[in-house]
Structure formats: C-alpha cells, structure tokens
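Undergrad: With these hints in hand, go ahead and build the complete structure from the sequences.
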Amino acid sequence: MRARDLVGLGVDGHRWGIRLSGRKYRAKVDELLEAVGATEYANVPVGLLSGGEQQRLRVAQALANDPKILLADEALLSLDLNHQYAVAELIHRFNRDHGLSVVFVTHEINPIIEHVDRVLYLANGRFTVGAVDEVMQTQTLSELYGTPVNVLKSNGRYVIVGQGHSGGTHLVEEETAGLTARDTHEGEATNAPTNPAHSSNQTINTKSIHPGGQA
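Note that UniProt numbering numbers the sequence shown so that position 137 is 137, with each residue one more than the last.
Because the hints were derived from the structure by calculation, they are not lab data.
Treat the hints loosely; a few may be bogus.
Using C-beta positions, here's what the derived DEER-type ranges look like [as the list claims (entries may be wrong)]: (1) N65 / V161: 36 to 46 angstroms; (2) D12 / G146: 45 to 55 angstroms; (3) K68 / D30: 36 to 46 angstroms.
Simulated pairs of lysine-lysine, DSBU-like, Cα-Cα distance not exceeding 35 angstroms [claimed, not checked]: (4) K68 / K24; (5) K68 / K28; (6) K68 / K153.
Glycine included, every Cβ here is placed at the ideal spot set by N, Cα and C.
TA: In structure tokens, the structure reads:
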C-alpha cells in the first residue's frame, strides 16, 4: 500500500456502492497529501516511511471528510521528539486555520502544552480539570495523586518528581512529552499519569477540545 492509498481510505473507504469518480478521488487525495506536507512521498510504500511520515498520513486520512471534531488518541506515540513536535504543530495548524475542534489524548504533554487551553488530568481513578497553569502545579497534582510530588517547569516544559518510600525523589514524568496547539478559544486537555510513588513514567492524556480554535 502506497502513502496515497492509505489517505484514500479516508476519502471513500467507508462508502458502499458507487465510489467517487477517479478524477475527484485523486484530486481529494492530492489535496490532503499537500495539506500535511506528504506530497513528495505520495507513491512510496507505507512500510518504508518513518513514524512521523506515517502519522502525517493518518492525520490526512482523518481529515478527509472535513470533520468538526478530531480525536487524536496517542498521536505522538513511538515518535522521536522532533516528529512529536512536527505532528503536534500540524494538528495545531488545522485547529487554528480551519476551526477544527480537537480532543488530544497523550502521554507526551510537552510538545502540545503551549497549544492547549484546558487540561483534564487523570490519576488513580480521579481527575482534575482547569487551565494549564491551574492544573500543572505541585499542590494540585499532590492532592490528585494522594502523595507529595513536585511540578518543575523550565522554558515552558514540565517535569514531575514524586517522593519515594525511602523519602527520596524520582522522576515521575520524563521530559520527552509534548503538546500540539494552543488555542485562545475554549478548550480542554487531559492528563492520565500513573502513581508517582511507584512508577517513573507519567501517563498523560491531553484532551484538547477547541471549538473553532487550535489543537
């Protein structure tokens, strides 16, 4: 399967009966490939593409029918840092330029955090919701986790450090995460971390809903 074939599944892969005419189908696929910056590898087999290139195709596929809301579920998973930021910025651009609302679920918060209006942060079956600066702070997350944590911020990026059983500290969330798009409109973001007292990995679901904003 070539890159354009994968995108084409979003154009008429859901149809029963008569398909789009060949000309309309190709024009739509070409338009989507250009929109996500994937024209140059349109005819390359998907298996030969990098993770970031494949994610661009999936974004194009998801946008094929001009949705009002885009659910980006772990869209940054398994990508290196450069591709995380590139995919995040791509989704943010559609959110900003086309009024697309976005629900962004991710473990990687830093690439998208500057584009998010509100955060829904999940931990241990509980949640808190609010603006980024309200949620991403030591007191709020310590109460949510039920154990002391420190939220550190440097150059707009977050690191969360939890206190272990021995009284020492360890990294809860590695600074490999990212967000995609900041919206000045009403929005939401979700974070789902693991217990900082027992794990060195933070699970963050960033759910960013932007009616007519960025994602």
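Undergrad: Now, for every hint given, state plainly whether the structure supports it.
TA: Hint check results:
Taking 36 to 46 angstroms as the suggested C-beta distance range, the pair N65 and V161 conforms, at roughly 43 angstroms. About 50 angstroms separates the C-beta atoms of D12 and G146, a value consistent with the hinted range of 45 to 55 angstroms. At about 23 angstroms, the CB distance of K68 to D30 disagrees with the hint of 36 to 46 angstroms. Simply put, K68 and K24 have alpha-carbon atoms about 22 angstroms apart, close enough for the 35 angstroms limit, and the pair holds.
Among the hinted pairs, K68 with K28 is consistent with the structure: their alpha-carbon atoms are about 18 angstroms apart, no more than 35 angstroms. Our distance criterion of 35 angstroms between C-alpha atoms is met by K68 and K153, whose separation comes to about 33 angstroms.
Checked against the numbered hints listed earlier, the structure breaks hint 3 alone; every other hint is satisfied.
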